[in-house]
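Chemist: The chain contents come next:
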Amino acid sequence: MLRTTPFHPRTEALCEAKNWRRWSGYLAASSYELHHDREYWAIRNSAGLLDVSPLHKYRIDGPDAERLLNRVVTRDVTKCALHQVLYTPWCDGDGKVMDDGTLTRLKPDSFRLTSALPNLRWLQNNARGMTVRIEDISEDLAALALQGPSARRILSAAANGVADDLRFFRLTKGSIGGVPVEITRTGYTGDLGYEIWTDPDNALVLWDALMDAGRPHRIVPAGMLALDVARVEAGLILIDVDYVPAHQAVIEGRKSSPFELGLGWTVKLDKGPFVGREALVAEKERGPEWEFKGLEISWESLEELYGAVGLPPQLPSEGWRTSVPVYGGSRQVGYATSGCWSPVLKKYIALAHLQATHSKTGTPLRMEVTVEHKRRRAKARVVDAQFFNPERKRS
Amino acid sequence: MSASRYDAIIIGGGHNGLVAAAYLARAGKRVIVFEKRHVLGGAAVTEEIFPGFKYSVCSYVVSLLRPEIIRDLDLPRHGLQILPLESTFTPLPNDDYLVRWADHDHTRRELYRHSPRDADAYDDFGKLMYQLAVAVKPILAMIPPDPTSMSPKDLMGFLRLGKHFRDLGHEQFHALHKLMTMSSADYLDEWFETEALKATMSASGIIGTFLGPRSPGTAYVLLHHYMGEIDGAMRAWGFAKGGTGAVSESIASAAREHGAEIRTEAGVSQVIVRNGRAVGVALDGGDEFHARVVVSALDPKLTFLKLVGEQHLPDDFIQAIRRFRIRGSSGKVNLSLSELPDFTAMPGVGPLHQGAMSISPSIDYLERAYDEAKYGDFSSRPYMDIIIPSMIDPGMAPPGKHVMSIFVQYAPSDLSGGWDETKREAFGDAVVDTLAQYAPNLPGAILHRQVLTPWDIDRVMGLTDGNIFHGELTLQQLFCLRPAVGWADFTTPLANYYQCGSGTHPGGGITGASGRMAALRVLKDQS
Numbered sequence: 000m001l002r003t004t005p006f007h008p009r010t011e012a013l014c015e016a017k018n019w020r021r022w023s024g025y026l027a028a029s030s031y032e033l034h035h036d037r038e039y040w041a042i043r044n045s046a047g048l049l050d051v052s053p054l055h056k057y058r059i060d061g062p063d064a065e066r067l068l069n070r071v072v073t074r075d076v077t078k079c080a081l082h083q084v085l086y087t088p089w090c091d092g093d094g095k096v097m098d099d100g101t102l103t104r105l106k107p108d109s110f111r112l113t114s115a116l117p118n119l120r121w122l123q124n125n126a127r128g129m130t131v132r133i134e135d136i137s138e139d140l141a142a143l144a145l146q147g148p149s150a151r152r153i154l155s156a157a158a159n160g161v162a163d164d165l166r167f168f169r170l171t172k173g174s175i176g177g178v179p180v181e182i183t184r185t186g187y188t189g190d191l192g193y194e195i196w197t198d199p200d201n202a203l204v205l206w207d208a209l210m211d212a213g214r215p216h217r218i219v220p221a222g223m224l225a226l227d228v229a230r231v232e233a234g235l236i237l238i239d240v241d242y243v244p245a246h247q248a249v250i251e252g253r254k255s256s257p258f259e260l261g262l263g264w265t266v267k268l269d270k271g272p273f274v275g276r277e278a279l280v281a282e283k284e285r286g287p288e289w290e291f292k293g294l295e296i297s298w299e300s301l302e303e304l305y306g307a308v309g310l311p312p313q314l315p316s317e318g319w320r321t322s323v324p325v326y327g328g329s330r331q332v333g334y335a336t337s338g339c340w341s342p343v344l345k346k347y348i349a350l351a352h353l354q355a356t357h358s359k360t361g362t363p364l365r366m367e368v369t370v371e372h373k374r375r376r377a378k379a380r381v382v383d384a385q386f387f388n389p390e391r392k393r394s
Numbered sequence: 000m001s002a003s004r005y006d007a008i009i010i011g012g013g014h015n016g017l018v019a020a021a022y023l024a025r026a027g028k029r030v031i032v033f034e035k036r037h038v039l040g041g042a043a044v045t046e047e048i049f050p051g052f053k054y055s056v057c058s059y060v061v062s063l064l065r066p067e068i069i070r071d072l073d074l075p076r077h078g079l080q081i082l083p084l085e086s087t088f089t090p091l092p093n094d095d096y097l098v099r100w101a102d103h104d105h106t107r108r109e110l111y112r113h114s115p116r117d118a119d120a121y122d123d124f125g126k127l128m129y130q131l132a133v134a135v136k137p138i139l140a141m142i143p144p145d146p147t148s149m150s151p152k153d154l155m156g157f158l159r160l161g162k163h164f165r166d167l168g169h170e171q172f173h174a175l176h177k178l179m180t181m182s183s184a185d186y187l188d189e190w191f192e193t194e195a196l197k198a199t200m201s202a203s204g205i206i207g208t209f210l211g212p213r214s215p216g217t218a219y220v221l222l223h224h225y226m227g228e229i230d231g232a233m234r235a236w237g238f239a240k241g242g243t244g245a246v247s248e249s250i251a252s253a254a255r256e257h258g259a260e261i262r263t264e265a266g267v268s269q270v271i272v273r274n275g276r277a278v279g280v281a282l283d284g285g286d287e288f289h290a291r292v293v294v295s296a297l298d299p300k301l302t303f304l305k306l307v308g309e310q311h312l313p314d315d316f317i318q319a320i321r322r323f324r325i326r327g328s329s330g331k332v333n334l335s336l337s338e339l340p341d342f343t344a345m346p347g348v349g350p351l352h353q354g355a356m357s358i359s360p361s362i363d364y365l366e367r368a369y370d371e372a373k374y375g376d377f378s379s380r381p382y383m384d385i386i387i388p389s390m391i392d393p394g395m396a397p398p399g400k401h402v403m404s405i406f407v408q409y410a411p412s413d414l415s416g417g418w419d420e421t422k423r424e425a426f427g428d429a430v431v432d433t434l435a436q437y438a439p440n441l442p443g444a445i446l447h448r449q450v451l452t453p454w455d456i457d458r459v460m461g462l463t464d465g466n467i468f469h470g471e472l473t474l475q476q477l478f479c480l481r482p483a484v485g486w487a488d489f490t491t492p493l494a495n496y497y498q499c500g501s502g503t504h505p506g507g508g509i510t511g512a513s514g515r516m517a518a519l520r521v522l523k524d525q526s
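Order-wise, the sequence lines are chains B and Y.
To convert, note that position 65 of the first sequence is 64 in numbering that gives the first Met the number 0; the numbers rise steadily by one, no gaps.
To convert, note that position 12 of the second sequence is 11 in numbering that gives the first Met the number 0; the numbers rise steadily by one, no gaps.
These aren't lab readings, by the way, just hints derived from the structure by calculation.
Just so you know, even glycine gets a beta-carbon here, dropped at the ideal spot from N, CA and C.
Mixed in with the good hints, there may be bad ones.
[To be verified] To spell it out: a stretch of chain Y is covered by chain B in this simulated footprint if at least three of its residues, at any positions, have a beta carbon under 8 Å from a beta carbon of chain B; those stretches are:
(1) 58-70
(2) 270-280
[Claimed, not checked] Reference excerpt, derived from the structure (chain B facing chain Y, CB under 10 Å, subset only):
(3) Ser29
(4) Leu33
(5) Ala46
(6) Pro148
(7) Ser149
(8) Arg152
(9) Arg214
(10) Trp298
(11) Ser300
(12) Val343
(13) Lys345
[As the list claims (entries may be wrong)] Taking CB as the label site, the calculated pair distances span:
(14) B:Leu119 to Y:Asp95: 56 to 62 Å
(15) Y:Asp95 to B:Arg253: 39 to 45 Å
(16) B:Gly286 to Y:Arg159: 49 to 55 Å
(17) Y:Thr343 to B:Lys17: 27 to 33 Å
(18) B:Arg253 to Y:Gln525: 53 to 59 Å
(19) Y:Val431 to B:Arg393: 52 to 58 Å
(20) Y:Arg4 to B:Glu288: 53 to 59 Å
This is chain Y alone, in the form it adopts within the complex:
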């Protein structure tokens, strides 16, 4: 039992936990963060798994990090640098390709080569999505009001939201309605005819979900990814210098500067409850720490079902959390390379290596990959989103060598027969085999390989079922429904126990938004 008493204990040193700690410490609170692992960041970590090669082990790109957090915590001063990712290259099986470049004319000419109609539609589509993203984006920084509550706070919230949407034009409103209800494949079919373009775009609708491009609801996730911004430019994605862990490190540095204490290799085993209130935590080693409030940045399953005894929570809430969908659907393969992949579709070393590479030749390809996962197998020909961090930040690998980050979908957490080491390597082989079809030199260039399945992401990073978003990013689990009806405002049914993290509003990605809003909520309740 520790003698010192804290104002707040944060469970989990992921980026949201760290943001919450930084905001609380900035407000003068005594804060301590407990992280189970030896590194901070949760799923936003950089680790030198093999000497000289740094991997953004899980999360690998940045875009949704809230600009107000960057400003409030002055993250650039703490080392945050976001470097532009400029293009998306989709190689095709017939040795053709589709690229979207940073330059508008360049992209237009490329789309024109595939379909003159699509080249025109692309601009109109871009404008509409931009308008919608501008309209929807404020929601990211808003505590979701409860639609069934008659409290003045919730009613005012809905009034503000209503006014916000009233300002949308007809066209935008109808598009929003469609996005909320359609599948990304259907939605994109209304605009485009080039398969590779539709498939590559629809991929942002399925990332992290256990859905295929033809599943309804995926169109909204498309929009979620459009809301990323860098320097006010929406839909811009970037790479953090030093890897994604550098984002977490910069937030931790800001938190420490404000006086927060951060402990690693200090896993929390349970939340201590007295007289119906959270009063502290017990660590795995048995040490106890007490505080006025406890904030969990873990996913909802861990936050409620593991850390708090069910007897302390209402039954309907427990049921809701049990129903919360959190199937993992993706894996990650990180490679150390002796040379860059040489794509048969665009041979040589070029600007394409500085951007994203997407294995998404057609909607059918993606849907087939999903079909396999639906019935319990990993995709033998998976969707992949690839970047080569060492081409963007030379510090990620020794000079002349490279690291490659491959996001892979689908890899179901509940693989039939369960995951084991053999199956994990078979999954890694499927990834390399698939890539070798487009870049035959790749297998021979591999120096080291790290394969992460949902099984590993669960065991190592502590994300339940390896779900990268702490719960699926589907409409029935967003906004005032995330993680459960009536508890989307970062409070919980247990007094003095708060929640943040990707399992709360506004959901997955490195946004920091929930950490910030949870901290603001705590400060408001404590004032």
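Here chain B stands alone, though its shape is the one from the complex:
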């Protein structure tokens, strides 16, 4: 039996489509309406409200909290200011990515880590001999993501302006609907957005207050289908889809290093020892074999392939999550792991693992598409994975 989140009484009533999926053992709405269009457009055009409570959350306290985290993650935690949030992956001893999430410094020696998978044991194993308390607070914290260009205005109305000047990847505290909340300027959509954290007992009050404040701004509860398109547009990787967590990979070839996932910028090799550092130093020296990039599939090429059977191009109406071969000339040089038609960019886009020999931006490649039951190869071009990156995200 799947569990429900603290927001379930509200989300269930609104979920007209009755379209649910599992997320870390919880029920999560795939879409609220029969079509996820409006939910997607809310994220890009007004604001979407997403229940992200199923995230795993840990609280790490104590004099050695910073030391422990700096040992585990690839970012430099000593540089993390009070109320700053870091996005970071963490690796196994071979420098292969196990998980990724956000790390927030709540107090000088107190942090919160979010993750996609359970990480309690990994954190404890790395904490031997340290003075630190690690607590799984996954069920003690309910969370909503408010994402989209109207998010700031809605939050301003709901939280009395407390987050008006909140900078990208920072935290502030306030109250919404009379209940205490923590607000971080974070999200998984590549848009202006916030995540709001509260005690599960306050969940319904928080939901109602945000929906009330959001109504004049056309807030729309949004599900995972809408989120999936938004995160592909933003070039944000998804565990178990775009990469296999190292400790769950049954064969070596399924593992990826941060360099191979476009996360080289998070690897701070000169911060001192951390798990996987030696392997990452060596990899950096020889250069990674794979790169994670964006693909823009050529419309003209699709038109030609579909035109040959008398059809206009058939576009995926939802994001897809399968492994699709990518070719350079006649040879396979990689595989795409997620893709979608981007309604905001008016482009067919995909995220792909490419051999470093074929990963330079601008490289012409081909991606497999199935046209009327037949395998065809559509022209594609290598681009930066961050397809959509509006100014408002950081401004």
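Dock chain Y against chain B, hints included.
Modeler: Quick look at chain Y alone, frame taken from chain B:
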């Protein structure tokens, strides 16, 4: 007299003029656009008429904008966002209603409630229209060949066209023949029995024409509207974030990025002709600008009869342009609202407010509205196509308030006794009174009202007789006949003078197609 010389001057900063400018600038040409008004877009403009309330003043939905233009000019990067319009709600006088939703099953169940037969026919009809639209659509991006010309170019064009239609099945070919010859009411009668469904569908056959649903030829216009597509989904209509003006702004931004110069409040008074060639333009203020070619994006009447002296054009051509039918038949009412209209047929705030609302209860209703216009009056109970942009893009109105865009037909440009301010407001009253029958709270919710009759559209936007399509979208004025026989290829009888805009092929709507094709034609001739 300006010292600098341009490769091309574009007259009119409507969306087609801007598309032409962008394509020419993209090809490295020195281009300047002259727009008479202070805003760009022509009939595709967003204006904040009342503080905080943004109106898509004239044109209000997008669908026909050519995808190749969106790609070539990378319009999404320049701010173009097209948001889905999901449903069409037709309230009925007996407090019933008919809705076509975005979801197929939802629509089917609704149609079934009115007629189980129609629910089945709707799917078959949809498939056939889809096939026809796919077949006819390439014509939108094709320079029409002249059927009477024996030049290899025209013959090849017809050969391609012929091959195209040969690929159609029998059923589709016959349907196409019927669409070309029948009235939309008759055509739909062959398929459906629900009055409200037939009326609402037939309305797309009369929009912008001076015809009623029972007038032959309107069935084709129905198909014209089926050719709209968004993201490859045909028959999808959308709303541009920021209003329709945002479409023009995104094209202008692309044009500027490619180096085009765009001047507003710079009306062109005439095209300068020397030795039988267009060599430049004179502005209202007297300034003159010279260029290798001049492209007019105005309607054919202005392009030829106003800007160019008749002595520079052949007599038969002048006659053809004089005969070109351009009677305006529609108006627009834009409202600022303190609250949403509450329809007695479907009370409360619901998804219907995010889609289109159509006042078209029956074919008789529409035909009666036409009858009044035929004899010189505006319709006392008009056809209306309504959207509430603020429900789709919250930026269009202050939070909690709304804007309502009402397309109204019929309002004849040649109203008996002529239009004046009193008659314009009487027309606005007829619109509000009619709507109040379906949503009684509406009159009390109105904060501001803007009424545009063909008279206003002519005076303010500069569309002759207020015809929103720069000339009627009827078969005798389409394809190789638009705007005149032999001159459908964006050239004109005056050397170095080119034309684009809705008065040229493929006709009205925000397509950008004529601007693109005219630019390509100029580039070809200049190479």
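Chemist: Which of the listed hints are not met by the structure?
Modeler: 2, 3, 11, 15, 19
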